[in-house]
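> Residue numbers (the numbering used here), protein chains in the order written: chain A, 29 to 373; chain B, 66 to 312.
Errors might be hidden in some of the hints.
[Stated by the list, open to error] Cross-link-like lysine-lysine pairs, in silico, DSS-like; alpha carbons within 27 Å at most: (1) Lys194(A) <-> Lys141(A); (2) Lys129(B) <-> Lys335(A); (3) Lys141(A) <-> Lys175(A); (4) Lys194(A) <-> Lys175(A); (5) Lys168(A) <-> Lys194(A); (6) Lys143(B) <-> Lys225(B); (7) Lys225(B) <-> Lys239(B); (8) Lys323(A) <-> Lys225(B); (9) Lys239(B) <-> Lys328(A); (10) Lys168(A) <-> Lys179(A); (11) Lys141(A) <-> Lys206(A); (12) Lys129(B) <-> Lys177(B); (13) Lys304(B) <-> Lys225(B); (14) Lys328(A) <-> Lys296(B); (15) Lys335(A) <-> Lys296(B); (16) Lys177(B) <-> Lys296(B); (17) Lys304(B) <-> Lys177(B); (18) Lys206(A) <-> Lys175(A); (19) Lys143(B) <-> Lys296(B); (20) Lys253(B) <-> Lys239(B); (21) Lys239(B) <-> Lys321(A); (22) Lys321(A) <-> Lys253(B); (23) Lys129(B) <-> Lys239(B); (24) Lys194(A) <-> Lys129(B); (25) Lys179(A) <-> Lys206(A); (26) Lys335(A) <-> Lys321(A); (27) Lys225(B) <-> Lys129(B); (28) Lys194(A) <-> Lys225(B); (29) Lys323(A) <-> Lys129(B); (30) Lys335(A) <-> Lys323(A); (31) Lys177(B) <-> Lys239(B); (32) Lys239(B) <-> Lys304(B); (33) Lys323(A) <-> Lys253(B).
[Claimed, not checked] Just a few of them, taken from the derived set where beta-carbon distance is under 7 Å, the chain A residues facing chain B: (34) Cys125; (35) Gln295; (36) Met297; (37) Gln339.
What the hints contain is simulated information worked out from the structure, not anything from laboratory work. Using N, Cα and C, we set each Cβ at its ideal position, and we do this for glycine too.
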Amino acid sequence: MASNQLRLRVRGMAARGMAFVIALIFTSLALLVEPQVVVAQEVDLSGSWTSPPTNNVLEVYEGPFTDDWTGMPLSAAGRALAQSWSAGALAEPERTCQLYGQWKYMTFPFEIKIWPSNGGPTDQIVAWNLQKAEDEGGMKIWMDGRKPPSKYLDYSRGAFTTGHWKGSTLIAETTHLKMAPARNNGGYYSDRSTLTSTFIPHGDTLIMVFDLNDPVYFTQPYVYSRVWTRATRPASTAWPPCIVNYEGVAEGVVPFYLPGKNPLLNQMMQLFHVPEYASEGGAQTMYPAFRDKLKADYLKLYPTFPKQCTQYCTNFRGQQAAGNIPQPSASPAAKSGRRKPQSKP
Amino acid sequence: MLVSLATATAVYAQGQAGTRGAPSAQAAAPVDLTGYWESLVTDEDWVYRMVTPRPGDYAGVPLKPNGLQVMAAWDPAKDTAAGEQCKSYGAPAIMRVPEHLHITWQDAQTLKVETDAGEQVRLFNFVPSTAAAQAPRTWQGYSVAEWEFQRQGAGRGPGKAVWGALKVTTSNLKAGYLRKNGVPYSEKTSVMEYYDPVQESNGDGLMIVSSFVTDPVYLFSPFVTTDNFVKLPSAAGWKPSACSAMW
Chain A
29 MASNQLRLRV
39 RGMAARGMAF
49 VIALIFTSLA
59 LLVEPQVVVA
69 QEVDLSGSWT
79 SPPTNNVLEV
89 YEGPFTDDWT
99 GMPLSAAGRA
109 LAQSWSAGAL
119 AEPERTCQLY
129 GQWKYMTFPF
139 EIKIWPSNGG
149 PTDQIVAWNL
159 QKAEDEGGMK
169 IWMDGRKPPS
179 KYLDYSRGAF
189 TTGHWKGSTL
199 IAETTHLKMA
209 PARNNGGYYS
219 DRSTLTSTFI
229 PHGDTLIMVF
239 DLNDPVYFTQ
249 PYVYSRVWTR
259 ATRPASTAWP
269 PCIVNYEGVA
279 EGVVPFYLPG
289 KNPLLNQMMQ
299 LFHVPEYASE
309 GGAQTMYPAF
319 RDKLKADYLK
329 LYPTFPKQCT
339 QYCTNFRGQQ
349 AAGNIPQPSA
359 SPAAKSGRRK
369 PQSKP
Chain B
66 MLVSLATATA
76 VYAQGQAGTR
86 GAPSAQAAAP
96 VDLTGYWESL
106 VTDEDWVYRM
116 VTPRPGDYAG
126 VPLKPNGLQV
136 MAAWDPAKDT
146 AAGEQCKSYG
156 APAIMRVPEH
166 LHITWQDAQT
176 LKVETDAGEQ
186 VRLFNFVPST
196 AAAQAPRTWQ
206 GYSVAEWEFQ
216 RQGAGRGPGK
226 AVWGALKVTT
236 SNLKAGYLRK
246 NGVPYSEKTS
256 VMEYYDPVQE
266 SNGDGLMIVS
276 SFVTDPVYLF
286 SPFVTTDNFV
296 KLPSAAGWKP
306 SACSAMW
């Protein structure tokens with residue numbers, strides 16, 4: 029009886045052993061033939077990045093003109109806000125840091141730093157960080173699969189971002205944005221916006237695509253792209269701090285223009301021959317067909333030869349020859365205000 | 066565990082295309098760029114693209130002093146009389162012209178890009194031809210193409226190609242204008258471009274074309290730009306128009 033039980037036990041052990049060996053063989057074959065766990069091939073984005081001063085130079089370096097909302101899919105509400113906006117509003121304590129929204133990565137003359145945050149039991153990458161200025165919040169892209177917090181939760185200017193890889197492309201989704209300018213002349217996005225950012229690496233080139241969806245101030249997604257290249261020197265995060273400056277605006281006063289009273293809505297016509305129906309923006313101004321509308325008016329004004337350029341005509345005084353990226357000498361708010369005389373409430 | 070790699074792209078170089086056993090460029094394509102596309106001109110250089118830039122305006126272009134002289138001599142009437150009204154539609158500038166694109170495979174190794182603005186045709190050759198590269202210079206020059214693959218796998222082997230981009234290098238160009246107002250590029254110019262498809266938040270297809278224009282004659286440094294295109298479901302909006310020197 030005991031020997032029978034022993035034989036059965038041995039037979040059982042042999043069967044289990046055989047099953048284990050077969051399973052091991054099949055598992056090994058499966059690993060050789062087709063990976064079972066699909067994992068993205070993550071690219072190391074860490075380092076300092078600089079953007080060539082050739083793309084969208086007026087916006088990035090000079091700052092937008094007071095009435096340039098061309099190519100922005102502004103809704104009626106977005107347009108009304110833009111045309112009533114005064115740069116003096118940025119001198120108010122509660123609005124001083126409004127410029128430092130997430131969109132700044134597309135339109136500011138920054139170099140940026142990107143670095144990973146590691147964590148977890150295997151010290152894997154749990155987030156990617158983008159940062160320019162010390163006190164602007166940066167963008168932290170969580171890669172650990174965490175869920176967004178409640179939509180009612182107030183968040184910092186850094187907002188909340190999660191990301192995933194598609195091949196070697198990093199795709200990030202941002203929620204909990206604060207209201208901020210997409211263009212520093214009153215072209216705002218609301219705090220109901222969401223942002224999809226795509227980071228496409230090509231060796232030492234990084235292409236960033238921002239896609240801003242705002243149900244309040246836009247009628248369509250606002251898409252923007254920018255090329256970055258690896259910087260030869262570390263990016264500095266030093267930048268004028270986000271502090272309140274006295275610009276002659278009394279406490280409690282909100283500078284603005286009443287409808288039809290903004291005296292700064294003719295710069296685009298004066299400088300670039302762009303009529304108001306174009307400079308006021310709207311989704312139609314983003315598409316080639318809009319040129320047909322502009323053509324007749326333009327050729328009526330300039331049938332044979334356009335008006336000569338007299339302002340904002342040059343590059344950066346030859347600085348490209350030395351490969352230097354010009355840095356603005358004043359804060360973006362001050363720069364933006366340069367062409368925006370103090371409003372009279 | 067996610068593994069950081071220095072690069073996860075692999076290049077489907079022209080040398081592989083057409084060799085015995087290797088799939089054609091069309092068969093190997095990691096992304097489908099074919100179809101109709103429309104320029105999406107957000108405010109990126111809108112005033113230089115949607116209207117004729119002011120004479121003498123070269124903001125953002127790293128133009129050398131000799132380029133300034135050429136620009137100062139811009140005369141659209143003279144260009145038209147000389148039959149050179151397509152000078153601002155050459156490969157270094159054509160993707161910035163507000164337009165529609167029609168992308169098709171001319172054959173299994175050649176991608177064809179047609180534009181309605183200026184009615185230009187670009188051919189992206191995955192199998193380079195020395196003879197074609199030495200042909201007379203043209204506005205669109207001679208372009209060599211290759212795929213860049215982005216892979217996804219378990220860290221064993223190269224993984225499966227799940228995404229990718231097109232890289233195009235163009236030379237053998239006829240001298241022309243980077244902008245309609247006579248900002249020049251020379252015939253020694255070369256253009257390197259990436260074509261990256263992405264998806265818009267509303268579900269539409271997008272294509273980002275990043276261009277690096279290098280000209281040792283008139284430019285201090287590469288003229289780097291990006292242009293966005295949105296995918297169209299049909300040819301609606303396709304409106305061929307001849308080159309214009311003035312508009």
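> State for each hint whether it applies.
Right, here's what the structure says about each hint:
This hinted pair checks out: Lys194(A) and Lys141(A) have alpha carbons roughly 22 Å apart, not beyond 27 Å. At most 27 Å may separate the alpha-carbon atoms for a hinted pair to count; Lys129(B) and Lys335(A) meet this at roughly 23 Å. Straight-line distance between C-alpha atoms of Lys141(A) and Lys175(A) comes to about 25 Å, which keeps the hinted pair within the 27 Å bound. Note on Lys194(A) and Lys175(A): the hinted pairing holds, with a Cα-Cα distance of about 19 Å set against a maximum of 27 Å.
The suggested pairing of Lys168(A) with Lys194(A) holds, with an alpha-carbon distance near 18 Å, which does not exceed 27 Å. With a CA separation close to 55 Å, the supplied pair Lys143(B) and Lys225(B) exceeds the 27 Å bound. In summary, the hint linking Lys225(B) to Lys239(B) is not supported, as the alpha carbons are separated by about 41 Å, beyond the 27 Å threshold. A C-alpha spacing of about 49 Å is found between Lys323(A) and Lys225(B), which places the hinted pair above 27 Å, so the restraint is violated.
For a cut-off of 27 Å, the pair hint linking Lys239(B) to Lys328(A) is broken: about 32 Å separates their Cα positions. Pair hint Lys168(A) plus Lys179(A) holds up; C-alpha atoms about 18 Å apart against a cutoff of 27 Å. Between Lys141(A) and Lys206(A), the direct Cα distance comes to roughly 22 Å. Compliance with the 27 Å bound is thereby established for this hinted pair. A distance of roughly 33 Å separates the Cα atoms of Lys129(B) and Lys177(B); the hinted pair therefore is violated under the 27 Å criterion.
For the suggested pair Lys304(B) and Lys225(B), the alpha carbons sit about 40 Å apart, so the restraint of at most 27 Å is broken. For the given pair, Lys328(A) sits about 33 Å from Lys296(B) by alpha-carbon distance, which is inconsistent with the 27 Å threshold. Simply put, Lys335(A) and Lys296(B) have alpha-carbon atoms about 36 Å apart, too far for the 27 Å limit, and the pair is violated. Of the pairs offered as hints, the one joining Lys177(B) and Lys296(B) holds, with about 16 Å between alpha carbons and a cut-off of 27 Å not exceeded.
Using a Cα cut-off of 27 Å, the hinted pair Lys304(B) and Lys177(B) holds, with the two alpha carbons roughly 18 Å apart. A hinted pair counts as satisfied when its Cα atoms are at most 27 Å apart, and Lys206(A) with Lys175(A) qualifies at roughly 19 Å. For the hint pairing Lys143(B) with Lys296(B), the CA-to-CA distance comes to about 37 Å; that exceeds 27 Å, so the pair is violated. With a C-alpha separation of about 9 Å, the suggested pair Lys253(B) and Lys239(B) falls inside the 27 Å cut-off, and the hint holds.
Restraint check for Lys239(B) and Lys321(A): not satisfied, since their Cα atoms lie roughly 31 Å apart, outside the 27 Å limit. Annotation: proposed proximity of Lys321(A) to Lys253(B) is violated, straight-line Cα distance about 37 Å (limit 27 Å). Using a Cα cut-off of 27 Å, the hinted pair Lys129(B) and Lys239(B) holds, with the two alpha carbons roughly 19 Å apart. For the hint pairing Lys194(A) with Lys129(B), the CA-to-CA distance comes to about 41 Å; that exceeds 27 Å, so the pair is violated.
Of the supplied pair hints, the one linking Lys179(A) and Lys206(A) holds, its CA atoms being roughly 12 Å apart against a limit of 27 Å. Proximity of Lys335(A) to Lys321(A) is assessed by CA-CA distance (about 20 Å); at most 27 Å being required, the pair is judged to hold. With a C-alpha separation of about 46 Å, the suggested pairing of Lys225(B) with Lys129(B) is violated against the 27 Å cut-off. Proposed proximity of Lys194(A) and Lys225(B) is supported: the alpha carbons are some 12 Å apart, at most 27 Å.
Distance check on the hinted pair: Lys323(A) and Lys129(B) sit about 31 Å apart at the alpha-carbon level, beyond 27 Å; violated. At most 27 Å may separate the alpha-carbon atoms for a hinted pair to count; Lys335(A) and Lys323(A) meet this at roughly 15 Å. A distance of roughly 19 Å separates the Cα atoms of Lys177(B) and Lys239(B); the hinted pair therefore holds under the 27 Å criterion. Restraint check for Lys239(B) and Lys304(B): the C-alpha separation of about 25 Å stays at or below 27 Å, so the hint holds.
A C-alpha spacing of about 33 Å is found between Lys323(A) and Lys253(B), which places the hinted pair above 27 Å, so the restraint is violated. Taking 7 Å as the C-beta cut-off, the interface hint given for Cys125(A) is violated, the closest approach to chain B being about 23 Å. At a threshold of 7 Å, the smallest CB-CB gap from Gln295(A) to chain B is about 11 Å, leaving the interface hint violated. The beta carbon of Met297(A) is not positioned within 7 Å of any beta carbon in chain B (closest approach about 11 Å), and the interface hint is therefore violated.
Residue-level restraint check for Gln339(A) is violated (minimum Cβ-Cβ distance to chain B is 9 Å; threshold 7 Å).
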